[in-house]
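Taken in sequence, the protein lines are chains A and B. Letter by letter, the first sequence follows residues 1 to 294 in our numbering. Letter by letter, the second sequence follows residues 295 to 447 in our numbering.
Simulated from the structure, these hints should not be mistaken for lab results. None of the values given here were measured: they were computed from a predicted structure. Hints should not be assumed to be uniformly reliable.
Stated by the list, open to error - Within a straight-line C-alpha distance of at most 27 Å, the following computed BS3-like cross-link-like pairs (lysine-lysine) qualify:
no.	chain 1	residue 1	chain 2	residue 2
1	B	K364	B	K400
2	A	K120	A	K37
3	A	K70	B	K364
4	B	K418	B	K364
5	A	K37	B	K400
6	A	K70	B	K400
7	B	K418	B	K431
8	A	K70	B	K418
9	B	K400	B	K418
Letter by letter, the chains look like this.
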Amino acid sequence: MTTPATTATAPVPPATACPRPVGRGRVVTAYRWEITKLAAQARTRATLAVCLVAPFVFVVLLDRQDRLPKDTLYGRWVHASGFATPLLVLGFAAQWVFPLLTSLVAGDIFASEDQHGTWKTILTRSHSRTQIFWAKALAAATFAVLLLAVLALSCLAAGVLLVGHQPLESLSGTLLPSGRTAGLVLAAWASTLPPLLGFTALGIMLSVLTRSSPAGIVGPIILGLLMQLYAFLNGADTIRHLLLVTPFDAWHGLLAAHPYYGPLRDGTLVSVGYILICLAIAYTALRRRDITGG
Amino acid sequence: MPRPTSNRLIRAAVAVGAVTALTAALAGCATDVTRPRVEASVGPVFTNLYVQQQALLGRPGLTPAAVAAKPDCHRSTPGSHDRGAGSDWICQVGWTDAAGRAQNGKFELQVRSNGCYQAGGPTKIVGPVMIQTSTGKNVINPVFEFDGCFDTT
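Please build the complete structure, drawing on both the sequences and the hints.
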């Protein structure tokens, strides 16, 4: 630092030895451990493998029968264009598959420490509860993002490889050019990420509050089904807008000839609300919990 | 004192939820599915699909502007005031065909609360579920039954 003429452009701090990781660095360390733990679990691997293979099996089975699943959007076009497959699966998945897949990890990630009685062990390793909380929450979110990506790409690949890349009908009765369609299909899948993370947060909250993996896994599915039921029974629309399953339909706007984004905007706000509330409850409950008893 | 605090938090969350729900319920017999929205969606969707069908049947060159389908939609349940989701929506659609003749057909709609609907047309006018194209291929008749969605925000 004594030669200002040459180092003036690079004001690098002189300390080359990095300090020991504190705060965020610790979260990263804990996060890596959580990911390692998840990757070692047979359940996690099996879930991802199913997400990878199931779409291909689904397309083969659909191909063999004449009856079309017309009740779901794009069901009538599954034989006409391969791009209809991922959109049909998206319609199915929103009903209970997404809540199930994400809560398999999110509903278990805190409760498993209770089941194995390992809270004291991990907390004595110089990581605070806050750091462990964020590491676990991030790990659960990572798994949700990963499985959404795997399922989306696998469905798209299954449709395009086994059925073809014919032009797809938009929801306005016009044909979409196949060049743009792949992007639209992936955008439609990406638009379900906010509510999916909402269900992840719901699973985390139930996992922390109930301290039981089954409750953490089944809870979000049941809540999701109840919300579906409410929408199915044509309850007041104002309440329906506040349900976490409504944003799963926001992609319809993307597939219109003149796309509309209102439902996507509202759905994202609702999802963020769920994420914030659930994480706040989970965080507070974990912080205030008496763990000394084991 | 860990338990009481988290209980209090849960109770607060439930209270907030209940108040929100109540406000929402009081605020609204407001529904997303209304007659103008249904009509504004069915008209263009049918028009576009009809143009596609005519092209498949070997009558290309028909434009959406020439077809110009005009629907008149109502719910058949008394007291529904033509609003709300249901499978009792009926649309009387009038349009111009490739020969320039006025056509008219009754379409039955199943409208869901999320703003998507499934419409079924009269076979006599729109044709059967599968049609043969001018090149001899069997394809799905796009207007026999069709889906559409409209913005509910």
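Do the hints match the structure? See the list:
no.: 1; hint: B:K364 - B:K400; in the structure: 12 Å, holds
no.: 2; hint: A:K120 - A:K37; in the structure: 17 Å, holds
no.: 3; hint: A:K70 - B:K364; in the structure: 25 Å, holds
no.: 4; hint: B:K418 - B:K364; in the structure: 19 Å, holds
no.: 5; hint: A:K37 - B:K400; in the structure: 60 Å, violated
no.: 6; hint: A:K70 - B:K400; in the structure: 20 Å, holds
no.: 7; hint: B:K418 - B:K431; in the structure: 21 Å, holds
no.: 8; hint: A:K70 - B:K418; in the structure: 21 Å, holds
no.: 9; hint: B:K400 - B:K418; in the structure: 11 Å, holds
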